[in-house]
Every structure is written in structure tokens, then in C-alpha cells.
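Number of protein chains: 2
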Amino acid sequence: MAELINGKELAQSIRQILKIKCDELKEKGIKPKLAVILVGDDSASKIYVRNKNKACEEIGIEFEEYILKEETTTQESLIKLIENLNENPNIHGILLQSPIPQNLDINEAFRTINPDKDVDGFNPLNVGKLSLGQDTFVACTPHGIIKMLEEYKIDLEGKNVVIVGRSNIVGKPLIQLCLNKNATVTVCHSRTQNLEEYTKKADILIVAIGKPNFIKEDMVKQDAVVIDVGINRIDGKLAGDVDFENIKNKASYITPVPGGVGPMTIAMLMNNVIKAAENQKLKTK
Amino acid sequence: MAELINGKELAQSIRQILKIKCDELKEKGIKPKLAVILVGDDSASKIYVRNKNKACEEIGIEFEEYILKEETTTQESLIKLIENLNENPNIHGILLQSPIPQNLDINEAFRTINPDKDVDGFNPLNVGKLSLGQDTFVACTPHGIIKMLEEYKIDLEGKNVVIVGRSNIVGKPLIQLCLNKNATVTVCHSRTQNLEEYTKKADILIVAIGKPNFIKEDMVKQDAVVIDVGINRIDGKLAGDVDFENIKNKASYITPVPGGVGPMTIAMLMNNVIKAAENQKLKTK
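Heads up: the protein sequence lines correspond to chains A and B, in order.
Using the working numbering, the first residue of the first sequence is number 69, and each one after it goes up by one.
Using the working numbering, the first residue of the second sequence is number 69, and each one after it goes up by one.
Treat the hints as calculated values from the structure; they're not laboratory data.
Do not rely on the hints blindly, as some may be mistaken.
Just so you know, same-sequence chains aren't split out, so a pair can sit in one copy or run between any two.
[What the hints assert, rightly or not] Straight-line distance between alpha carbons at most 27 Å, and here's what the computed DSSO-like set of lysine-lysine pairs gives:
no., residue 1, residue 2
1, Lys316, Lys349
2, Lys343, Lys137
3, Lys284, Lys269
4, Lys76, Lys215
5, Lys269, Lys289
6, Lys318, Lys101
7, Lys114, Lys269
8, Lys101, Lys249
9, Lys137, Lys305
10, Lys289, Lys101
Take these sequences, add in the hints, and give me the full structure.
What follows is the structure, encoded as C-alpha cells:
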């Protein structure tokens, strides 16, 4: 049976280290603080925000929620709020929870977030810096995946990494991160023909498509490392994009759902808030 | 024998269209103008700058050269020059010819170029916008490659595109452009193991590594489309990264060197200058 990559445990140990860093910052008079903006009533978003809030509390990061009503929020008022938070020296990180209502322009909103406070790594400037190999805020889910691979000493150099899913928040940043580790990288997606031809050759297979149990045993190479980013709900139970039960005996390493990538995403968000507070401290010195 | 993709001819027809657009802008009182900065004495760079100058003249784009001496150019003076050009309303495009001397920070210089005048597409903001699928200036060589494929009606949808080379100016932007066309994309590079395993499966093979005749016939699939970005000099003669003589009978389409990708790069630079002038006209209206 594959070794389980225990994201929950790893995230916990990262949070402990971050708590120490947070305490050190506070001793120097800096209180790391995250502002979260939520527009509308999406129930999944509310759960995400609550989980982020809890993680902040545990580490000692201050947390400010801006819950905006869908009916009364205009593009102008959203941009104005972000600009105010940009200028507020007590706010170190700004997170706009997606999705936001269709009538608002989320791209403009992400572009408006000060790149130095962009703890989600969604501002195009930070996306570009990642692509160019420069220091930046890396989107939390792909960052968490790379951290897990590092922690389990899974070397990517020269390996065949196959990413299924090309989203802006997971697949695309992963391309850059895996190239930085000298992997050969293939990106597959909904328009890929003969998907299994690619997945079957993957030394490391990373799946982020949002289709429960989509990747079957015969699509995976013996002893592959399998990273499952999917969080799907079936009959009230969580399932990944990977048919875990049938693949766990074939893979060398595998992430469970829940308890794999999910907790790492929040840990890396916390990591980015602490990094933002440290960077802003350096700038104001 | 493969059909030759005639970049020279295609670039010529693009330049003719750009000349018409340039004339139209001038009738409206806008004189498109490119500023080129060259630091130091690199002889290849001088040739590139001369070719860009010639292309500008043909189209009617004004051209200003800033030839800086290596000995007297500091980071501060370079940044100051870029800032002045950023503020100059008569300059629509700014190009910093690379390489620049080692003691100067080219990344800071590229970051300083106003994104609206960044006709090379090297500012991280524009790199990020490309990754996010937003309208931006696309780096000229990859942009030229996509234009060639479009012009020859080579559909990328669902195709297996293999890119050899992961540079910031060719390989990485190509990933995004090919994903935008719904291709399945693999990126190989110097650390890739068993390179031929990937190249042999490519429907479309794009090579940008700077090693003369590196890709041999047995590394290419029958009827593949082969795009050769390499410009290498052997005994005074130009050679691509692809063993053209032996592959031309196996490929369905192939670009020659010279006369393939090279002329397209300059044509797309001209395209970006005209686009910059049009955009800036809209902004000042």
C-alpha cells in the first residue's frame, strides 16, 4: 500500500512554526493581520472563510472580515474597500474570497490588491513574478503541494510530472513550480485527447479538475506519486478526483481527501500572511 | 517533403498591414514611436537593433536609439532613462535589448518599463496577464510562432504540443499560448530524461534551446509540425536547433532557419508598437 501523504499533520507542524514567527513579530510590535472580503451568500465560501479565521486564531494572526451584501456592492465600492485596505498599515494581507457575484469584475479586483499584501498570489504581477522565477507570493494550493513533496523528500528533478487541470489558481502556477524543480511538465485538461496515455506515464500525477473519482487505477503507473487536489461532495461525504480506494495499492505515495492538500492550502495562506508582515516590517524599517 | 512555413513571406504581409495601420494613426495625429535601449557593445545585439530599426522605417514607426556605454551606465541611470521614457507621451513602446552588462539588474529594469509601453512583454505584470488569459503584450517570438500556426491553419485543439526549452522569453509564454488554444502541452528542457520519448509523440514540436541540429530525425514523429526557434551560427552559416535536411521529409510542416521564426519575431514587435500606440490613443481620448 502507498504511503499516505498526511497533509493534516504537516499543516499542523507548519502552523506551529508560524505561531512562533508570529509571536516574534508581535514582540517587535508588529501584529500580523489578514483582511478577508466576502461578497454575497455562497455557503461554501462561508465555510472556507470560517476555516481561515480559525487558522488565524490558532496562530495569533488578527483577522478582519468584510462581509458585503450582494445587492448593495458595486464594483466601485469593492475597489474602494480594497484601496482602503491597501493603504491601511495595520493590514498585512488581503484576501478576496472567490467567487464573487457575476456583475462584479474579479480580475480588476485582484489587480487592485497591493502586490505586497496579495497573500493569495492572484495579482497578475505576482503571477508573472512566479513565471519569471522571482520571489513572490505563490498561490496557496500549488504552494502547499510543493511543500508536501519537499517534506516527503519526493524529488522532482528530471521526473515526468503530469498535471490534470489548467486553472489559474492550481494548474498554471504548478507548471512554474514544477519547472523550478527541474521536472518535465505536461498539462492535460478537458480538451486533452487520450488522457490516460499521459497519466499512465506520470511519475508524479497531480489532479485538480473537480470530478469525483475521475482518475481510475488503470490510468496510473505502478509506484506513481498521486496528488489529489479535488474536494467533491457525494452524498454528504467528501471525495477527491482520484479513485483512492483502488489506487492506494498501486501508488507509492498518495494524498487522502480529506486530510491531504486541503489543510496545506490554509497553512500556506497563513505562511503568506506572516511573510507579508515580515516584508512590510523590512520596508518600513 | 514537408510544406515550408514561410515566416519571411508571412512577416512581410503582416508588415504591410501594419504600415496601413500606422498611416491611419498618423492621419489622426499619432506618430507611433519605439525607443530602444542598448547597453554595451554586444555585436549580436547591435545587429538585432539594426534589424528592428529597418523594420520600423519600412512601416513608418519612428525609432529612437539610446546607446549607453557599459562603463558609464549605472543601475540608477538606466532606471532614470526608462522612467523618462515612461513619462514621455511621444514614446509608445520601450525595448531594452538584452543582454545587458552583468552588474546591472535587468529584472528591475523590465519591471520599471511602463506595462502599457512594454512591447517585448517582459514586465512581470504582462507575463502574469498572459498566464491569466487577459489581454496584454505577448513576447514577440512565441507570439510570432502562434501567428504562423494560425496562418497555416494548423489547429492546436487537443493536439500534443511538446516545447523543448523553458526560457522566460520563448518556452514559458508558449505554454500559455498553446494552452489558450486547448493543446495538451509538455515542456522539456536540459534536465529532461529520455527527451526523445516526449518529442517522438509530439503532433507539434517547438524547439528553442540554442543547440545546432540537436533534434534528429528519429526524435520526430511522422507528419509532425516542426517549429525551429534556434538561430545558431556554424562556420558563418545559420543553423536551427533542428536537423532540417533530414527532418524535412518526415514532417508535415517545418520552419526553415533563416526565414522561419526569426522574421516573425520582428513583425510581432512592430505589431506590439502599433498596438501600444492605438491603446495610448484610446486612453488619452
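Output the numbers, in ascending order, of every earlier hint that fails for this structure.
When the structure is compared with the hints, numbers 1, 2, 6, 7, 8, 9, 10 turn out to be violated.
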